[in-house]
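Engineer: Protein sequences appear in the order of chains F and L. Using numbering that gives the first Met the number 0, you'd call the opening residue of the first sequence number 0 and step up by one each time. Using numbering that gives the first Met the number 0, you'd call the opening residue of the second sequence number 0 and step up by one each time.
The set of hints was computed from the structure by calculation and includes no laboratory data. Take the hints with a grain of salt, since some may be wrong.
What the hints assert, rightly or not - DSBU-like mimics (lysine-lysine), calculated; alpha carbons at most 30 Å apart, straight line:
#1 129(F) <-> 47(L)
#2 85(F) <-> 11(L)
#3 85(F) <-> 14(L)
#4 207(F) <-> 132(F)
#5 138(L) <-> 118(F)
#6 22(F) <-> 154(L)
Remember, predicted model here, so these are calculated numbers, not experimental data.
Take a look at the letters that make up each chain.
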Amino acid sequence: MNCIDVYKECVDNLNPSEELINKLLRRTEVKTMRFSKKKMIVLVAVACMLVGTTVFAAGKITGYRSWSSNLTTESDINISRDNAGKLGISLEIPEGFSTGYSFNNSNIGGTEGLDENGKAIAEGKSFMVKYSKAGSSDVYLNIDPSFEPLTVEDGCSSIDVNGTTVYIYNDIYKFVPPDYELTEEDKENMEKPGYEISYGSDKVEVMKCDGFIFEYDSKIYNALSFDSELTNDEWCLMAKDLLGQ
Amino acid sequence: MNIAEYNSCVEKYLKMVYRISFHYFGNREDAEDVSQDVFTKLFSSTVKFKSDEDVKAWLIRVTTNMCHSYYRNPFRRRRTEIDETELENIADISSSEQRLVDRKVVIDAVISLPEHYRIIVYLFYYEEYSIHQISSILKIKETTIQTRLSRAREKLRNILSDSFEEGVLYELY
Chain F
0 MNCIDVYKEC VDNLNPSEEL INKLLRRTEV KTMRFSKKKM IVLVAVACML
50 VGTTVFAAGK ITGYRSWSSN LTTESDINIS RDNAGKLGIS LEIPEGFSTG
100 YSFNNSNIGG TEGLDENGKA IAEGKSFMVK YSKAGSSDVY LNIDPSFEPL
150 TVEDGCSSID VNGTTVYIYN DIYKFVPPDY ELTEEDKENM EKPGYEISYG
200 SDKVEVMKCD GFIFEYDSKI YNALSFDSEL TNDEWCLMAK DLLGQ
Chain L
0 MNIAEYNSCV EKYLKMVYRI SFHYFGNRED AEDVSQDVFT KLFSSTVKFK
50 SDEDVKAWLI RVTTNMCHSY YRNPFRRRRT EIDETELENI ADISSSEQRL
100 VDRKVVIDAV ISLPEHYRII VYLFYYEEYS IHQISSILKI KETTIQTRLS
150 RAREKLRNIL SDSFEEGVLY ELY
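Could you build the full structure based on these sequences and the hints that come with them?
Structural biologist: Listed below in C-alpha cells is the structure:
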C-alpha cells in the first residue's frame with residue numbers, strides 16, 4: 000500500500016457527525032397545508048418558525064407550499080435588507096412601523112406553486128420578516144414570488160396606495176392535523192367568507208388572522224398577525240409605511 | 000433549488016464539504032461550522048445550477064473561500080495537530096496499530112502543508128480531478144495548480160520519508 004492509499008483511507012473515515020447531517024436535513028421540513036378553491040390569498044404563520052401556505056389563485060396554481068429555515072435567521076436589519084435585495088425585493092424592509100412594531104429578524108425560504116394534484120409547477124425564493132411589539136402578537140411579513148396575478152375574495156376591503164391596491168383581510172383559521180376529518184360544522188363554516196381550514200398543525204386550534212396583502216414589482220407582500228388587536232386602520236397604516244408613503 | 004434538490008445535495012456533498020473544511024482546520028468543530036455555513040449559503044442561494052457537477056464545483060469553491068476567511072479569523076480554534084478524538088474516527092475497527100500510526104502520520108503531513116496546497120492535494124488525490132478540472136473549479140491558472148501540487152508532493156516526500164520506505168512514497172514522485 001502506498002502513502003496515497005493510506006491518505007484515501009484517512010479521508011474515507013473523516014465524516015461529519017450525524018447531528019450535523021440531521022440538522023441540515025431538518026431545516027427543510029415542510030408543513031404542507033390544504034389549499035382552498037376560494038379565490039383569496041392568505042398566508043399562515045406556524046409556531047416559532049414561519050411556514051406559509053395557502054395562496055388561492057384562479058389559474059393553474061391552486062395552492063402554495065412554503066418553507067423556511069431558522070438556520071437562516073438574521074437579526075441584523077442591514078444584512079436582512081441585503082438578503083432581500085439579493086432576492087429581487089425592491090421595497091425596503093422597514094426597521095419599524097408607525098404602529099410601534101419593530102424589526103425582530105428575517106428568514107429565507109422557498110415557495111412552490113402547486114397544481115390541483117399537489118404537484119409543484121412553479122417555485123421561487125421567499126423572504127419572511129418578523130416584527131415585534133411588547134405585549135402584542137408578532138406581525139409576520141411574507142414576501143413571495145408572484146406566480147399569477149393576485150386575486151382576492153369578494154368583500155375584502157381595499158385601499159389604493161400610490162396606484163398599488165392593498166387588500167385588508169380579517170379571517171378565521173382553524174389549524175388541524177394532516178389526518179383531520181372535517182365535521183359538518185367545519186363544512187358549513189368553510190362556506191363562509193374568511194373562514195379557512197389549514198392542515199398540518201400538531202393540534203386543533205382556531206385563531207383570528209388579520210393582515211394586508213398586495214402585489215408590487217412581481218412580489219406578493221403579505222403581512223399578518225394571529226389574534227392581534229391591530230385594527231384595519233392600523234393595517235392600512237403599516238401598508239403605507241411599507242410602500243414608503 | 001427546491002427542497003428535494005437541496006436535501007439531495009446535503010446527502011451527496013456534505014461529506015466532501017466537511018472533508019475539505021477538515022483539511023483546513025484539522026478539527027471537527029471548525030469543519031462542521033464551515034460545512035453548516037456552506038449549506039446555509041446553498042439553501043438561500045438563487046444560483047441556477049445546470050448540473051450536478053455544477054453544484055459540486057460551486058460547493059468546492061464556496062467551501063474553500065469560506066475556509067479561507069475563517070482561517071484568518073483570530074477567534075477560530077487553533078490547531079497544532081489532529082485531535083486525538085478525530086484520530087479514533089480515522090481508524091476503523093479493523094485497523095492494526097501500525098495502520099493507525101501510518102494514517103496519523105499521513106493526514107498530519109497533509110494538514111501541515113500550507114493551506115493553499117492542501118485543497119489541491121485533496122482534489123487531485125482524493126476526488127481525482129485533473130489539473131485542468133481543478134483550475135476550472137478554483138478559478139486558478141493551471142500552471143499555478145501544477146506548481147502548488149509539485150511543491151506539495153516535495154514537502155510530503157520530505158515529511159514522510161522518515162516514516163515510510165521510498166517504495167511507499169512512489170506516487171509522490
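Engineer: For every hint, state whether the structure bears it out.
Structural biologist: Hint check results:
1. In summary, the hint linking residue 129(F) to residue 47(L) is supported, as the alpha carbons are separated by about 28 Å, within the 30 Å threshold.
2. Our distance criterion of 30 Å between C-alpha atoms is met by residue 85(F) and residue 11(L), whose separation comes to about 27 Å.
3. At roughly 28 Å between alpha-carbon atoms, residue 85(F) and residue 14(L) fall within 30 Å of each other, so this suggested pair holds.
4. The straight-line distance between the Cα atoms of residue 207(F) and residue 132(F) is roughly 18 Å, inside the 30 Å bound, and the hint therefore holds.
5. Restraint check for residue 138(L) and residue 118(F): not satisfied, since their Cα atoms lie roughly 39 Å apart, outside the 30 Å limit.
6. Taken as a hint, the residue 22(F) and residue 154(L) pair is broken in the structure, with Cα atoms around 38 Å apart against an allowance of 30 Å.
Hint violations for this structure: numbers 5 and 6, all remaining hints satisfied.
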